[in-house]
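Protein sequence lines correspond, in order, to chains A and B. If you count by my numbering, then the first sequence holds residues 1 to 138, one letter each, in order. If you count by my numbering, then the second sequence holds residues 1 to 138, one letter each, in order.
Keep in mind the hints are simulated off the structure, nothing from the lab. Among the clues, some could well be false.
Restraint-style ranges between C-beta atoms, simulated for each label pair [said to hold, decoys possible]:
(1) 28/B <-> 36/A: 13 to 23 angstroms
(2) 66/B <-> 54/A: 54 to 64 angstroms
(3) 79/B <-> 67/A: 28 to 38 angstroms
(4) 36/B <-> 22/A: 48 to 58 angstroms
(5) 38/A <-> 68/B: 19 to 29 angstroms
(6) 28/A <-> 42/B: 40 to 50 angstroms
(7) 105/A <-> 66/B: 52 to 62 angstroms
(8) 20/A <-> 66/B: 34 to 44 angstroms
Ideal placement from N, C-alpha and C gives every residue a C-beta, glycine not left out.
2 protein chains.
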Amino acid sequence: MNNARFATALHILTLLDLSKGERLSSEMIAGSINLNPALVRKEISNLRKLGFISSKEGNGGGCTLARQSADILLADIYRAVNQTPFLGRTNTPNPACAIGRQINQHLDELYTEAELALTSKLEKSTLKEFGEKFQSEL
Amino acid sequence: MNNARFATALHILTLLDLSKGERLSSEMIAGSINLNPALVRKEISNLRKLGFISSKEGNGGGCTLARQSADILLADIYRAVNQTPFLGRTNTPNPACAIGRQINQHLDELYTEAELALTSKLEKSTLKEFGEKFQSEL
DNA sequence: TTGTACTGTAACAATTATTATTACAGATGA
DNA sequence: TCATCTGTAATAATAATTGTTACAGTACAA
């Protein structure tokens, strides 16, 4: 990936974690991220479908964490926002070339291994731990 | 990253490795990758500046590997084509928010750690080993 | 039961990143 | 001096990402 979705999702979830159960509106969250509320709602919608967040419509609505932050791994968040392999697309090589014909298979293997190395790392920290890095400067 | 540059660079270098020192033209390489020769030359230019490839202009020109493939780590190639951190951009959050003010620092740390996990993995294989996966089906 | 404050979502526009194309000066060898 | 190749720039086309606007629907509260 090369977008800001991971940062956005982690920002949203961190805010919700640190709000200690208080409902936050998408507008308030958008204000903190400095992003359009509709985009935030789009990411919230994704995170809600995946069970990270529960939200409530209507007056006084907003969203809260649906799971304990100690049970949410950063790897979970990574997977929530990443569809495409991060090492990038493979090529569409020339099948008439012996190398071209074989390379995508080997690239795919490599991408899989590399992505595993990455997620293993992200498997080791939780949203709770990430949130604890923040100093409450009020 | 989310582009095909890693795949392109690895494809180029693999071809050069398996050509056993024979000069290859950018057109020939482009044919295997199924990519525009000018784009291939651009990547070759990058790889040349970084010392992976040496090339020769003029009639009969082309390029060859400048280093032993056993000494080229996949991590070297990754670094050659990746400027931007793969976990994506950070946000430009609202400095008026306590969380927003701090998050980029924590994101950067996380990105650095995660990228390290990835490159450590790529540090473990060489271009030579990658090339050995290919069966010479002539 | 009506107003207000939200979510959820779609449609669309704008922006940015990536990839592709074309062109051509300069190098090199036959 | 011709053909073949690199190196590079300028530019166009395409694709991905981000931003905007709009509005139906939900929920609470007066």
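Verification of the supplied hints:
Range check, residue 28/B to residue 36/A: about 48 angstroms between beta-carbon atoms, so the 13 to 23 angstroms window is missed. The hint said 54 to 64 angstroms for the Cβ distance between residue 66/B and residue 54/A, and at roughly 57 angstroms that hint holds. At about 37 angstroms, the CB distance of residue 79/B to residue 67/A agrees with the hint of 28 to 38 angstroms. The supplied range of 48 to 58 angstroms is met by residue 36/B and residue 22/A, whose beta-carbon atoms lie about 54 angstroms from each other.
With their beta carbons about 54 angstroms apart, residue 38/A and residue 68/B fall outside the hinted range of 19 to 29 angstroms. In this structure, residue 28/A and residue 42/B meet the distance hint of 40 to 50 angstroms, their C-beta atoms being roughly 45 angstroms apart. Look at residue 105/A against residue 66/B: about 28 angstroms separates their beta carbons, and that is not inside 52 to 62 angstroms. One distance hint, 34 to 44 angstroms for the beta-carbon pair residue 20/A and residue 66/B, is violated here, with the actual separation near 58 angstroms.
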